[in-house]
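Trainee: Taken in sequence, the protein lines are chains B and H.
At position 84 of the first sequence (counting the first as 1) the number is 147 in our numbering, and the numbers step up by one without a gap.
At position 237 of the second sequence (counting the first as 1) the number is 300 in our numbering, and the numbers step up by one without a gap.
Just so you know, these hints were derived from the structure itself, not from any lab.
Hints should not be assumed to be uniformly reliable.
Identical copies go unnamed one by one, so any copy, or any two together, can satisfy a pair.
[As the list claims (entries may be wrong)] Here are the simulated BS3-like cross-link-like pairs (lysine-lysine), alpha carbons at most 27 angstroms apart as the crow flies: (1) Lys325 / Lys304; (2) Lys304 / Lys136; (3) Lys136 / Lys325; (4) Lys136 / Lys107.
Number of protein chains: 2
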Amino acid sequence: MADTLALIGVGLIGGSLARALRHHGLVERIIGVGRQAENLVHAKELGVIDTWTHDIAAAVHDADVVCVAVPMKSYPAIFTTMAPALQEHTIVFDVGSTKAYAVDMAHQCLPYPERFVPAHPIAGTEASGVEASFSSLFENHLCVLTPEEHTHADALNKVEKYWLAAGSHLMRMDARQHDAFLAGVSHLPHVAAFALVYAIHQGEHETHDPFAFAAGGFRDFTRIASSSPEMWRDIALCNRKALLDKMEDFQMTLSDIATALKNDDGDRLLQVFTEAKNVRENWIHKHGGSL
Amino acid sequence: MADTLALIGVGLIGGSLARALRHHGLVERIIGVGRQAENLVHAKELGVIDTWTHDIAAAVHDADVVCVAVPMKSYPAIFTTMAPALQEHTIVFDVGSTKAYAVDMAHQCLPYPERFVPAHPIAGTEASGVEASFSSLFENHLCVLTPEEHTHADALNKVEKYWLAAGSHLMRMDARQHDAFLAGVSHLPHVAAFALVYAIHQGEHETHDPFAFAAGGFRDFTRIASSSPEMWRDIALCNRKALLDKMEDFQMTLSDIATALKNDDGDRLLQVFTEAKNVRENWIHKHGGSL
Numbered sequence: 064m065a066d067t068l069a070l071i072g073v074g075l076i077g078g079s080l081a082r083a084l085r086h087h088g089l090v091e092r093i094i095g096v097g098r099q100a101e102n103l104v105h106a107k108e109l110g111v112i113d114t115w116t117h118d119i120a121a122a123v124h125d126a127d128v129v130c131v132a133v134p135m136k137s138y139p140a141i142f143t144t145m146a147p148a149l150q151e152h153t154i155v156f157d158v159g160s161t162k163a164y165a166v167d168m169a170h171q172c173l174p175y176p177e178r179f180v181p182a183h184p185i186a187g188t189e190a191s192g193v194e195a196s197f198s199s200l201f202e203n204h205l206c207v208l209t210p211e212e213h214t215h216a217d218a219l220n221k222v223e224k225y226w227l228a229a230g231s232h233l234m235r236m237d238a239r240q241h242d243a244f245l246a247g248v249s250h251l252p253h254v255a256a257f258a259l260v261y262a263i264h265q266g267e268h269e270t271h272d273p274f275a276f277a278a279g280g281f282r283d284f285t286r287i288a289s290s291s292p293e294m295w296r297d298i299a300l301c302n303r304k305a306l307l308d309k310m311e312d313f314q315m316t317l318s319d320i321a322t323a324l325k326n327d328d329g330d331r332l333l334q335v336f337t338e339a340k341n342v343r344e345n346w347i348h349k350h351g352g353s354l
Numbered sequence: 064m065a066d067t068l069a070l071i072g073v074g075l076i077g078g079s080l081a082r083a084l085r086h087h088g089l090v091e092r093i094i095g096v097g098r099q100a101e102n103l104v105h106a107k108e109l110g111v112i113d114t115w116t117h118d119i120a121a122a123v124h125d126a127d128v129v130c131v132a133v134p135m136k137s138y139p140a141i142f143t144t145m146a147p148a149l150q151e152h153t154i155v156f157d158v159g160s161t162k163a164y165a166v167d168m169a170h171q172c173l174p175y176p177e178r179f180v181p182a183h184p185i186a187g188t189e190a191s192g193v194e195a196s197f198s199s200l201f202e203n204h205l206c207v208l209t210p211e212e213h214t215h216a217d218a219l220n221k222v223e224k225y226w227l228a229a230g231s232h233l234m235r236m237d238a239r240q241h242d243a244f245l246a247g248v249s250h251l252p253h254v255a256a257f258a259l260v261y262a263i264h265q266g267e268h269e270t271h272d273p274f275a276f277a278a279g280g281f282r283d284f285t286r287i288a289s290s291s292p293e294m295w296r297d298i299a300l301c302n303r304k305a306l307l308d309k310m311e312d313f314q315m316t317l318s319d320i321a322t323a324l325k326n327d328d329g330d331r332l333l334q335v336f337t338e339a340k341n342v343r344e345n346w347i348h349k350h351g352g353s354l
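Just chain B, same shape as in the assembly (with noise of 0.2 angstroms):
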């Protein structure tokens, strides 16, 4: 009673939910989709995968479910070329990062939208690509389901069952709520670190490389920032107007800061580093011991 499922995108999330999903027995046949045939070949050596074609209508045409796990800008040409071969119960679900895009282009291009899923797994690491893909990925990790009031139940409970056998903790919300926090806690930092490490390498540097005096906290404060800068581009045009307003939000306190710093107000800038090593704390507190 195990599933068929087309896994279109064998990626480091594609790849790490196809190893849980195997793993725990819920899938009988996977059946890998993308452009790289190199990639391909890779993750089906890896055991990833059992099969593989660039024939995207062909894969979900045998398929129970559908996983989309690929650069949210390629949704529109990924459903469009799936539409047609799709069969009436076959689910369908993405792991993108922004939900109300998904949700859009699903009923835009897709015959059944009823029996899409939109989910958001959030894990994952700053490494790309299947050979970093591996089945405890997202063991103990939220992933947000963002269903709407016509998806279908099936499906949407096929999905949680294989989220939950990947080790999940499950949450359901409305797609732009998400996209709301997501944008905050999550895009603003990928976009501050990418921005941070072009901002420093713009400057002028005619004696000394400004990166050899950096340390263990530009370490981590730009982890991110290694990234694949096109899964970051779509995400961030997915979701342009939610991380606009928190952009404007992040800009408004640095100026605030830059204000306090030319008044030499200590004061203000005590109050504000304060504030945020205590609720940063605070969080370490609460979630810390999950990540």
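Keeping the supplied structure of chain B fixed, place chain H upon it in accordance with the hints.
Mentor: Chain H alone, transformed into the frame defined by chain B:
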């Protein structure tokens, strides 16, 4: 022939250096100076110091070498208090993160500024306090010294010997140049991490705690927001001109990204993100192994 060291400020940095110098036999006796008796008692129990006092003048009068390891805005008060008690042969050095300010304060407040050696060990953790100190903190980390023309060679040699014993790699450079580099790769990331946590926390969240959706990327990006607010207030104020310059560069890059988002300009986003990733990965390749 080992030295008597007066350690003004027995925290993470001062405590770690004391442990390293004792471990390598360079100091015979360490006099801890601080405001909180509890902390000093604890430091003595841990074997970091041999004896302690609240009396800065008494401590430095008996010392061959004085290490100043306190938040930087305390330099004027500390230097002024120690000035009358310093003997001409006594060497003074600091460990502060901004060096032009340290040099200026030494000139203004110390009787023998040519025996003051400005040093900055580029190492640390987000933890504070003597209980977080450990003797290998500085091993394989850079320690930048910013002596001036008039700095006495004996003083410079002694302080360099200390840091070499602690396992540091030494570099000599101009104080203002040091400050400009550190503003970019250290002070700006700290300010940005504090600012981001503060900005997200200030946002409206009626239904959920936004930090419930944060994961490993957020944890690492914000690790330095758990640093000492007092220490970072002082560093920011003491290096405010260089820091404001880097904050402006950073804000310009953020605005550039915001414009690209508004214009749906994926190419520009990809360009910035890709350059940042490449710069960071070159840095990790060159320096990551020693962090």
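Trainee: It remains to establish, for every hint, whether it holds in the given structure.
Mentor: Here's how the hints hold up against the structure:
no.: 1; hint: Lys325 / Lys304; in the structure: between (31 angstroms within a copy, 8 angstroms between copies)
no.: 2; hint: Lys304 / Lys136; in the structure: within (16 angstroms within a copy, 41 angstroms between copies)
no.: 3; hint: Lys136 / Lys325; in the structure: between (42 angstroms within a copy, 16 angstroms between copies)
no.: 4; hint: Lys136 / Lys107; in the structure: within (26 angstroms within a copy, 60 angstroms between copies)
In this structure, none of the earlier numbered hints is contradicted; all agree with it.
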